[in-house]
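Colleague: Protein chains in written order, with our numbering: chain A, 1 to 306; chain B, 307 to 694.
No lab work stands behind these hints, which were simulated from the structure alone. Treat the hints with caution; some may be incorrect.
[Said to hold, decoys possible] Pair by pair, the computed Cβ-Cβ distance ranges are:
#1 B:499 / A:97: 20 to 28 Å
#2 A:127 / B:484: 42 to 50 Å
#3 B:565 / A:268: 41 to 49 Å
#4 A:59 / B:580: 42 to 50 Å
#5 A:75 / B:499: 53 to 61 Å
#6 B:499 / A:67: 25 to 33 Å
#7 B:565 / A:277: 32 to 40 Å
#8 A:59 / B:565: 20 to 28 Å
#9 B:665 / A:152: 33 to 41 Å
#10 A:299 / B:433: 17 to 25 Å
#11 B:689 / A:281: 44 to 52 Å
[Claimed, not checked] Some chain A residues flagged as far from chain B (calculated, every beta-carbon gap over 12 Å):
#12 2
#13 61
#14 78
#15 79
#16 112
#17 129
#18 131
#19 140
#20 177
#21 184
#22 194
#23 220
#24 222
#25 233
#26 295
#27 297
This one's a predicted model, so the numbers in the text were calculated from it and none came from an experiment. A virtual CB, placed ideally from N, CA and C, is assigned to each residue, including glycine.
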Amino acid sequence: MSTILFLEQTLNGVQFGLMLFLLAAGLTLVFGIMDMINLAHGSLYMVGAYFMASFVQATGSFWLGLPLALGATALVGAALEMTLLRRLYGRDHLTQVLATFAIILIANEAVRIAWGSQPIMLNAPPSLTGPVTLPGGLHYASYRLLIIGVGAAVALALYFLVAKTRVGMLVRAGASNREMAIAMGVNIRRLFTIVFALGAALCALAGAMLGPILAVQVGMGENILILAFVVIVIGGIGSIRGALVGSLLVGIVDTSGRAFLPLVFSAFLPPQLASAAGPAIASVLIYLLMAVVLYFRPQGLFPARG
Amino acid sequence: MKVLATAFAALLAFNAQAASELKIGFLSTLSGPAGGIGIEIRDGFNLAVKLAGGRLGGLPTEVIFADDTLNPETGKQLAERLLKRDRVNLMTGVVFSNVMLAVWPTIEESKVFYVAPNATPTTITGKGCSPYFFSASWPNEAHHEAAGAFAQSKGFKNAYLIAPNYPAGKDALTGFKRTYKGQIVAEQYVKLNQLDYSAELAQIRAAKADALYAFLPGGMGINFIKQFVAAGLSNEVQLIVPGFVSDQDVVRAVGDPMLGMFDTSHWAYDLDNDANRKFVAEFQKEYKRIPSLFAEQGYTAALIIDQAVKDAKGKVEDVKAFRAALMKAPERAKTPRGPFKEAANGTPIQDYYVRALVKDREGHIVNKKISTILTHHQDFWLKDCPMK
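Chain A on its own, in the form it takes in the complex:
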């Protein structure tokens, strides 16, 4: 294997990790701060991608569509929080799982009614459809470089928001001790609505950024949500830093498993066995990673609380 290919696969891993981070960041915010298991996070991701596709079609521009999709999905998120999810905070996790699972089913049907059951089109802006040549002669999809850039920018922005701003301080206060924060006069209800809307906007960003390389279709959220949950469990629930490290780990482990395991196996196994074992083990590799991390650090790598 050449150095270039090795570098490319590493870049692919980072890129896939940042793709997952876009979704995991919102999930970990809501899960960690509001102590709420929101399975419907994937539905907001789907709604975001559908809004994006519609707005891009209506405005004819990817960059005009993006803020519109983010805003619209944030509104949907806020409305969802104020009407429904707010009633679930005091309940146990099982009730939350059941209720938000119901939201998945309702959202899927609603999207089908509004947009039809066939996948719809969302393509990258024309300037980013092809590959670029990186130093060293490596061809890389320019749109994937954009995903890397956006993922990194979101990580920085969230870190700044949570660590350096007043809203972030309130968020941290609400997360570490909700009753005390209320006693100190923090309007927790409003804060939670804002956090949830922010989480929804992050979903929309993920949906909008990933739509051009993934299928925009009913049920698109469930598949990727599983990976996002793996990421936040590895990273530590509620921690943005954990979500970033977790998603990079998952991205790199998954990609290198797919890229290198078959080669490793074919070196010391008969070809028949190697070609069967490679994909099989590569597909469970991230779950192995999760098991190992949880064995040594049951709270994840960067637990937000205690």
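Following the hints, position chain B against chain A.
Modeller: Same frame as chain A, now just chain B:
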């Protein structure tokens, strides 16, 4: 007294009519990520029923729809409901092979005919063939065999193969290799429903193969094609896919990146015959979109049922008579594919085409027929079927 007699007569007439009514159980995948395929088949089927004035084979026809949600267990329960409670005379509709294999024993035990508008798994066409099974689509491996033959005819020296790591994926590549004699650079199996293909695409680029055969159904194919083109690989390797992962349902979701690909199919929207022109025009009029091969399969299944019920004079329960009528129906019904014969195991013996994804005069991306790659091609597994 007279009133009573009239009422009695009316009731009798009602009874007679009910007995000669055609009840079709349409069990399909109509929701979820793959629901679009079932809906294409359903729309094609419904169109044929509508054009026949709601009477297939001259009998008043009721189609009862059921959604298996791509869950074999749900499919099995729904099949029992359709057969036992609704007492349907005929079954059709299943999209996916895994659902088909789950519901098939129930249908066969009930001695009800099944007309396949899609899934035609090799286990039901080979050793396990049955007089109650009749395919109006294509044997599971045929499109892959056509793709292999196409790669062979183009003189591609070597090919890279990629498919999901599940039984149909392995069958697909087996089918391709049966007709392709060049060198196989790699057979790559990916996880079912994989999202990101960057690792595989990097390896494909490094392998420098002439041709790439990708069998990635549904959303997987959409993801793969988008990422394949974004990586700039379309200039380096020729992508070939089976027609059912690149038809209009996928074109509407991917758009321009599809241009320049080749696929294989038993049908094309521009096949030169009157029945096909009528089908495409009526479908566009009814649904405002270009039909896909799935829609054609649903439409053809309904036409074949129509013809067979007519020829068997409505004796849908008479195994011998209805089987005989079904076997002759594809030659007599005016299907968009033109007349074709049916092999003894109930699978079509038909031509397969190579289609290119190009823009038509109005700027729509279409799957345009460019050549016929296999003629009178029959199911490889026919040899294992004891029915002659």
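Colleague: All hints are to be evaluated individually against the structure, with a verdict given for each.
Modeller: For each hint, the structure was consulted:
Our hint of 20 to 28 Å for residue 499 (chain B) and residue 97 (chain A) holds, since their Cβ atoms are close to 22 Å apart. Distance hint for residue 127 (chain A) and residue 484 (chain B): a CB-CB separation of about 43 Å, consistent with the stated range 42 to 50 Å. Taking the beta carbon of each, residue 565 (chain B) and residue 268 (chain A) are about 44 Å apart, inside 41 to 49 Å as hinted. At about 43 Å, the beta-carbon gap between residue 59 (chain A) and residue 580 (chain B) stays in the expected band of 42 to 50 Å.
A beta carbon spacing of about 30 Å between residue 75 (chain A) and residue 499 (chain B) contradicts the range 53 to 61 Å that was offered as a hint. Restraint check, residue 499 (chain B) to residue 67 (chain A): a C-beta distance of roughly 31 Å satisfies the suggested window 25 to 33 Å. In this structure, residue 565 (chain B) and residue 277 (chain A) meet the distance hint of 32 to 40 Å, their C-beta atoms being roughly 38 Å apart. The given range of 20 to 28 Å is respected by residue 59 (chain A) and residue 565 (chain B), whose C-beta atoms sit roughly 24 Å from each other.
Taking 33 to 41 Å as the suggested C-beta distance range, the pair residue 665 (chain B) and residue 152 (chain A) conforms, at roughly 38 Å. Between residue 299 (chain A) and residue 433 (chain B) the C-beta distance comes to about 55 Å, which lies outside the given range of 17 to 25 Å. Distance hint check: the CB atoms of residue 689 (chain B) and residue 281 (chain A) are about 36 Å apart, inconsistent with the given range 44 to 52 Å. Consistency note on residue 2 (chain A): stated as away from chain B, yet its beta-carbon is not over 12 Å from all of that chain's, at 7 Å minimum.
At roughly 16 Å, the least C-beta separation between residue 61 (chain A) and chain B is larger than 12 Å, which holds for a residue marked as non-interface. The Cβ of residue 78 (chain A) lies farther than 12 Å from every Cβ of chain B, with a closest approach of about 27 Å, so its non-interface assignment holds. Against chain B, the non-interface label of residue 79 (chain A) holds: every CB pair exceeds 12 Å, the least being about 25 Å. Non-interface status of residue 112 (chain A) relative to chain B is broken: a Cβ of that chain comes within 12 Å, the nearest being about 7 Å off.
Residue-level check failed: residue 129 (chain A) sits 6 Å from the nearest beta carbon of chain B, not beyond 12 Å. The Cβ of residue 131 (chain A) sits about 3 Å from the closest Cβ of chain B, inside the 12 Å cut-off, so the non-interface label is violated. Its closest Cβ contact with chain B, about 8 Å, brings residue 140 (chain A) to no more than 12 Å, contrary to its assignment away from the interface. Distance check for residue 177 (chain A) against chain B: the nearest CB is about 38 Å away, which clears 12 Å, and the non-interface claim stands.
The beta carbon of residue 184 (chain A) is kept farther than 12 Å from every beta carbon of chain B, the shortest such distance being approximately 43 Å. No beta-carbon of chain B comes within 12 Å of the beta-carbon of residue 194 (chain A); the shortest separation is about 30 Å. The claim that residue 220 (chain A) is not at the interface with chain B is violated, since a C-beta of that chain comes within 12 Å of its own (minimum 7 Å). For residue 222 (chain A), the condition that its CB be more than 12 Å from all CB atoms of chain B is violated, with the nearest at approximately 8 Å.
For residue 233 (chain A), the requirement that its beta carbon stay farther than 12 Å from each beta carbon of chain B is met, with the minimum near 19 Å. In this structure residue 295 (chain A) is separated from chain B by more than 12 Å, as the shortest Cβ-Cβ distance comes to about 24 Å. At roughly 26 Å, the least C-beta separation between residue 297 (chain A) and chain B is larger than 12 Å, which holds for a residue marked as non-interface.
In summary, the structure is inconsistent with hints 5, 10, 11, 12, 16, 17, 18, 19, 23 and 24 from the numbered list given earlier, while agreeing with the others.
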